[in-house]
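Q: Below, each chain spelled out in residue letters.
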Amino acid sequence: MIPVTLRRFAAWAPRADGAEAALCSDADWRAWARDPTPLGHRGQPDVPFLETGVRRRATRLTRLALRVAFDCTEGMDRSQLRSVFASRHGAIHVAVKILASIARKQAVSPLQFSHSVHNAQAGLFSIAAGDRCASSSIAAGEDTFGHGFLEALLHLERAPDSPVLLVVCDEPLPDNLIHLIEEPRTTYGAALLLARQAPGTALDFELESGQAPPKQRGWPDALEFVRFLASDAPEAVLESGRRRFRWRRA
Amino acid sequence: MAAPCSLAALGMVNALGTDRETIWRRALAGDQSGFRPRPELSAGRSEPMAAIDDDALPRIPVALARYACRNNAFSLAALEPIEDAVRDAIRAVGAGRVGVVMGTSTSGSRECEAAILHEYQHGSLLPEFCYEQLELGGAAGFLAELLDLRGPALSISTACSSGARALASARSLLALGLCDAVLAGGADSLCGLTSHGFASLKAVAPGITNPFSANREGLSLGEGAALFLVTRETSGIQLLGVGESSEAHHISSPDPEGGGAAASMRGALADAGLSPDDVTYLSLHGTGTRLNDSMESRAVAAVLGTATPCSSAKPLVGHCLGAAGAIELGLCWMALEARNGGELALLPHVYDGVADPELAPLHLVSAGESVSGDAAVLMTNSFGFGGNNCSLVLGEAKP
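Going down the list, the protein sequences come from chains A and B. The first sequence begins at 1 in the working numbering and counts up one residue at a time. The second sequence begins at 1 in the working numbering and counts up one residue at a time.
It is possible that some hints are incorrect.
[Unchecked claim] The calculated label-pair distances, taken between Cβ atoms and stated as ranges, are: (1) Arg42(A) <-> Gln121(B): 26 to 34 Å; (2) Ser25(A) <-> Ala355(B): 12 to 20 Å; (3) Lys105(A) <-> Asp374(B): 55 to 63 Å; (4) Asp55(B) <-> Pro213(A): 47 to 55 Å; (5) Ala212(A) <-> Pro61(B): 19 to 27 Å; (6) Ala92(B) <-> Glu235(A): 52 to 60 Å; (7) Ala355(B) <-> Glu208(A): 53 to 61 Å.
Simulated from the structure, these hints should not be mistaken for lab results. By construction, the Cβ of each residue, glycine as well, lies at the ideal position given by its N, Cα and C atoms.
Using the sequences plus the hints, can you model the full thing?
A: Shown next as structure tokens:
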């Protein structure tokens with residue numbers, strides 16, 4: 001059991017019907033947590049804090065990551081934050097475009113290649129925030145959210161005195177790959193500001209061997225965790241076939 | 001000071017070989033024969049890449065066909081020589097207490113490329129293509145499935161620092177008490193995405209990479225894997241320090257002054273509780289691009305001075321990207337393991353010998369050079385595309 005404090009969170013996801021404004025504020029998420037329904041996959045968040053040139057080139061994944069990262073750290077000195085970026089699919093849309101160019105024997109764009117690396121969002125955040133602190137970018141299949149949280153704890157282990165920003169985001173796979181796996185078709189970003197000791201929500205984290213098959217929900221793990229935070233639930237459990245992540249309010 | 005972290009066993013595969021003895025022998029000899037043109041990956045261009053022979057690779061078990069990709073075949077090859085030690089560790093501590101952390105930037109991009117080419121030519125993806133082959137998390141997921149592990153299994157993908165970061169996370173998993181043993185390293189395979197991508201950035205050398213030379217023209221790609229069994233043993237070769245930083249400069253180029261690189265090296269020394277004078281040898285990131293070598297020479301001179309012997313492994317094994325940090329740490333591990341009678345043979349810096357007067361005058365290791373190995377402390381630098389840096393320090397446990 002590892003104690004950790006959640007200082008703040010932020011999340012963004014479109015509603016399923018796509019008609020109304022996306023879920024974004026704490027109040028939106030508290031309302032959703034009372035009566036959770038599957039979320040949508042269309043649209044992308046505004047990122048008015050980015051310079052025009054950067055904003056124009058930003059992919060949707062970058063917009064998701066940077067929007068929740070900035071929302072979660074509103075009013076803070078962002079240049080002193082360590083960060084973990086977790087995404088199962090990362091820049092798969094960019095990578096598939098590059099591979100389609102290669103199949104057609106067309107030139108690969110250097111800009112596209114720069115945005116195809118898994119740590120592109122981390123790099124763009126560090127530039128936008130003027131942040132030279134440690135950062136890692138991870139992926140772990142169906143268990144990406146739990147392992148992203150874990151990686152943030154590993155950064156806290158190395159230096160317990162300063163907080164770590166965890167950013168989790170994903171979008172549905174490109175059309176030609178989407179049939180390969182089963183998962184909720186959701187476009188989303190979520191950010192958690194974690195610290196060893198600070199004012200905020202005190203949690204106990206546990207990682208155990210798993211037995212049960214993963215529970216099917218209509219929304220991604222990161223938003224199941226947001227549902228826990230935005231509700232009065234005593235614990236959140238995310239389970240895959242191999243392991244179980246558990247968070248309890250301390 | 002961090003808790004003890006033993007690099008108890010190492011398996012490696014790259015263009016120099018598939019076993020440690022061969023790799024270290026050929027590395028010390030400065031053998032560059034693993035480089036050859038791979039026109040099928042580079043739209044017919046002829047730049048050499050440090051490739052692994054297909055027939056040297058083990059087959060992925062049929063039951064794990066959904067993970068069958070070249071990247072995972074490298075991991076399997078690197079696991080083979082240490083599999084007994086790994087299985088002993090699993091038996092001793094339990095499958096729920098063993099973690100996997102893998103650095104990768106490509107995972108199965110090569111297989112996805114074939115699948116998408118098939119789609120372009122025939123209207124559908126290759127039938128055997130599975131998402132687990134492609135996804136980055138599959139690099140760790142494959143080993144967890146293969147060994148039936150129930151601890152954490154994650155892939156780290158911070159471009160060229162991924163493999164080094166995997167070791168940092170492994171150490172923290174042990175220190176936090178979440179694992180009693182971790183299989184950690186990196187694997188990356190040559191593919192069209194990286195070959196065309198780095199070419200589009202005009203970062204690829206027309207010949208074999210020539211780091212720190214006045215004539216350097218860019219990097220040469222390589223491929224391979226290195227896997228460490230990481231435990232809390234207090235004896236043997238230890239991971240002594242981890243340093244990390246971000247550039248906050250530009251998405252595809254580092255701070256030309258080397259500020260991020262220097263911060264990473266200083267952080268590793270501070271974490272290890274060591275001073276610059278303690279460093280016996282530095283494994284340079286040394287990609288052979290104009291900018292990397294220029295900024296790295298400044299950073300090294302600022303942190304360690306110019307007397308510390310250093311070399312780049314990239315003229316021998318190529319730039320193995322997501323696996324580079326683990327492979328280069330592994331070469332340092334081999335140097336310590338092969339220490340004979342107190343003398344530590346150093347990896348030679350293989351280049352055309354034309355020092356660049358624009359760079360800080362580093363002590364680049366000559367063929368056959370060795371130093372006193374008593375209390376040897378070795379450092380590796382890994383600087384990732386996107387501005388992600390990680391330096392590691394290793395040495396032998398003090399008796």
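Q: If a hint holds in the structure, say so; if it does not, say that too.
A: Structure-based check of all given hints:
1. About 31 Å separates the C-beta atoms of Arg42(A) and Gln121(B), a value consistent with the hinted range of 26 to 34 Å.
2. About 59 Å separates the C-beta atoms of Ser25(A) and Ala355(B), a value inconsistent with the hinted range of 12 to 20 Å.
3. At about 57 Å, the beta-carbon gap between Lys105(A) and Asp374(B) stays in the expected band of 55 to 63 Å.
4. One distance hint, 47 to 55 Å for the beta-carbon pair Asp55(B) and Pro213(A), is violated here, with the actual separation near 39 Å.
5. Range check, Ala212(A) to Pro61(B): about 25 Å between beta-carbon atoms, so the 19 to 27 Å window is met.
6. Between Ala92(B) and Glu235(A) the CB atoms are about 31 Å apart, so this pair departs from the stated range of 52 to 60 Å.
7. In this structure, Ala355(B) and Glu208(A) meet the distance hint of 53 to 61 Å, their C-beta atoms being roughly 56 Å apart.
Comparing the model with each numbered hint stated earlier shows that hints 2, 4 and 6 do not hold.
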